[in-house]
Amino acid sequence: MSEELPFPRVVTGTHGPEEGAGAGTPWPGDVPPEQDDTWYPLRDDPWRARRVELFIALLWGVTAACGTGLMAVYWMGGQAQLEGALLFCGFSALGAGLVIWARRLVPGQEVVGSRGEHTSAPEDRSGVVGSLSRGTDAMLSRRGFLVKRVLVPVGGVFGIAALWPLASLGSRPDRALFHTKWYPGARLVTEDGRAVHVDDIVVGGELTVFPEGFIEDPMSAAVVINIGRDKLQAHTVNGYNQAGFEVVSGGNGIVAFSKICTHAGCPVSLFNVLAMQLICPCHQSTFDILQDCAPVFGPASRPLPQLPLGVRPDGYLIATRDFVEPVGPGFWDRGSEP
Amino acid sequence: MSTLAERAAARKRAERSQSALDWLDDRLGSSKWLRSAMDKIFPDHWSFMVGEIAMYSFVILVATGIYLTFFYNASGAEVVYHGPYRPLDGQKMTIAYESVINLSFSVRAGLIMRQAHHWAALIFIAAIVFHMGRIFFTGAFRRPREVNWVIGTTLLLTAMLEGFSGYSLPDDLLSGGGLRILYSIVQSVPIVGTWLAADLWGGNTFPGNGDFFPRLFVLHEFVLPLTLAGLLGAHLAVLWRQKHTDFPGPGKTEHNIVGSRLWPQYFVKTNALLLFVAGVVFGLGGLVQINPVWVYGPYEAARASSGTQPDWYIGWLDGALRLWPHWEFRSFGHEIPNPFFPGILIPGILFAVIYAWPWLDKRIYRDYGEHNLLDRPRDKPLRTALGVAALAFFVDLTLASATDLIGNALGVPFETLIELMQYGTFVAPIVAGVVAFRVCVRLQRGQVHPIQRPVGGIMVRDARGGYHTVGAAHDGHEASAEEHGLEPAGAGPPAGASEAH
Ligand code: HEM
Ligand code: FES
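Chains as they are written, first to last, in the numbering used here: chain W, 1 to 338; chain S, 1001 to 1501.
Since the hints were derived computationally from the structure, they do not count as laboratory data.
Wrong hints could be hidden among the right ones.
[To be verified] From the structure, some residues in chain S lie toward chain W, with a derived Cβ separation under 8 Å: (1) THR1069; (2) ASN1073; (3) ILE1191; (4) GLY1193.
[What the hints assert, rightly or not] Calculated Cβ distances over 10 Å to all of chain W for the following chain S residues: (5) LEU1028; (6) GLY1076; (7) TYR1085; (8) ILE1123; (9) PRO1225; (10) VAL1280; (11) LEU1321; (12) ASN1338; (13) PRO1347; (14) ILE1349; (15) ILE1354; (16) PHE1414; (17) ARG1445.
Don't be surprised by glycine CBs; every beta carbon is placed ideally from N, CA and C.
Bound conformation, chain W alone (with noise of 0.2 Å):
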């Protein structure tokens, strides 16, 4: 860019180093003194510096035709995208302007100046030592007693005093996190309160469903499958039915399990029914509905908790229990239920 400066580089200044004072040594003062402030680039062609100067009030009268313009479409009712080209036009009509009224008719030229030091002179640099230690050494040599035996332990104990009004913001974490709103024989009702029954899901359906009296409880989110009576038997899922509760009642392939995903918590809504894959949207983690929805693929290391079902004599879906574990991503003390 240096070499095609529209006008002449002003170098100035009483010792620059290409004077031979050598490297380092400060220029006095920040900007040459004997500059010819007044020159701009078409100072000596009035009449073009005419025509710039109408140019730039052109442009600049189109920044004011959108601003009439802007007015008048909010008094219209608005319209984002007329408001945004005729912003457009106008901030940058605007800004053009400006920049061809600084390349041109702006006066001042490129200019060279020091650096000057940016560092303190060397009887400051010590002086400052001899400053600080006045008051360092009045305090901790003789006063040492007082600020290392009081008031660092004074300190502390206020400033954890402070602390305290933090815990305020939450509640201290309870058991929230190893329970849901599931209960024995609650019955599965979808996001608009529809009981489900069994005869509702034929093999290969897939509904969300929640604990009655808890609809849209986001901890307790469930997926139920009906996976098919021989598939339930051919595979491993029956045998997940721990601590002698029913999984699926009734000789029905119908399973649920828990829909937070075990990797970070987002809704597992996604259902691959050839593979009877159940897969997370957010970070496709891969759940196999045939081997207790153990993750197959992706992110997430932990299968999702398997509620165990029921059925009502009236044919209704019920939970036997709560999700025989924590449900959703994990944190630091999960494997300490009780």
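Got chain W; can you put chain S with the ligands on it based on the hints?
Only chain S with the ligands this time, still in chain W's reference frame:
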């Protein structure tokens, strides 16, 4: 050339300014400083405008943001929507979401303000990253500018938090999903994670007890912007004190500075830049839709948005979460859950390296001296290669955050893509780094860079007493002003010498 009348008017104006400035000086002693401030020299290189673009985006963010606060309502309470946007009529949503829908459809000029705010945020962070790139690749972070590197990195972190907190405010399906993941990441911190998450959200499980949106709002429109403004003030004050760096070139030395004065040329030009940034931001805000929360719908815990992407600067974190293998650590009844590693540990290490870079660079080049003249990236092939490798790493992670979209577009299963990108985290940086290194070496041997092409010559005498011509005809890379000894003696080997030969 001026007429008599013009001259008389100018004299009158000068007199009036004199008395005004004297009034001020009588009270503050301001004239000495003001004088040197107006005469301050700013180098004219386009790459120095990138930081200014970031600064002006911030100005626009504040202006549009204040407007938005008059309409946004940070409440998690539920309402049923009835309004001009028919597809959502009768839907349950939070008041926060409803206020954003109203702002977009029922407040005149609300939509353009909202979209301009969002575009300004995207441009803000992009400009910061480019700015940081120019600082890194030209060695502008070297002594004495380490302080601004550290402040700058903190600015970047704060800006990312500010952006994330902002796009989480509408409580739409996309941002709610992002918050759900953030909750899990916070919860994954060993020992204190559950406490931290509970204290931030005000509840023991996501989404907390309704305190969260007011808190997020206070962070977004008060705490973080104030932090940004304070850090930016410090950043500029340090810059003002230390003066800009400059590229080497004819007549430029470690001890002088070449450019336009603050008043009037630089002042006029930089205001023009502000106007251009405003033009682009508002043009995009009106013409290009961004973050259409009414399409995503309100947040519902059991629903997820697929095929939607977070803002671009969050992509690499999301990608890291996708690529990190399914490892978790469990023993003695405790566990460190998976999201901790890609969500906290990896970004923590990366930012620690970024913070420490000026000092690592000093070690690598055994160069502890002051530098006001910049390196050309090609003259420091190793640094350039490392920077390019880091960029390749971030690009790989960012692409990984779109595996589902890319997979659908190319008809490739996402499993394959993820596996490829897992290898990519190692392969891409190595390949990109090696290529960059070789390109640097080639360029060094090649043509003379324009900034070194001579326009006449300037004779200088170096600290060792030799005479050199800076900027005269020479054969390329070995002729920066710096190498001609215009450095304080004993400042270490001349920059560039350690590697370029
Ligand atoms: C909110 C974000 C930021 C804003 C608004 C900002 C603004 C600026 C501006 C206006 C300048 C002077 C013009 C220029 O050199 O481009 C500057 C210089 C500088 N910035 Fe930033 N910056 C930001 C973030 C950063 C970051 C992330 C870094 C690096 C980690 C950084 C490091 C520096 C350094 C070292 C200088 C001095 C450069 C020199 O003198 O050549 N800044 N900044
Ligand atoms: S939250 Fe399900 S894969 Fe990450």
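Structure-based check of each hint:
no., hint, verdict
1, THR1069, "20 Å, violated"
2, ASN1073, "21 Å, violated"
3, ILE1191, "6 Å, holds"
4, GLY1193, "6 Å, holds"
5, LEU1028, "20 Å, holds"
6, GLY1076, "13 Å, holds"
7, TYR1085, "14 Å, holds"
8, ILE1123, "14 Å, holds"
9, PRO1225, "21 Å, holds"
10, VAL1280, "7 Å, violated"
11, LEU1321, "5 Å, violated"
12, ASN1338, "6 Å, violated"
13, PRO1347, "15 Å, holds"
14, ILE1349, "18 Å, holds"
15, ILE1354, "25 Å, holds"
16, PHE1414, "5 Å, violated"
17, ARG1445, "23 Å, holds"
When the structure is compared with the earlier hints, violations turn up for hints 1, 2, 10, 11, 12 and 16 and for no others.
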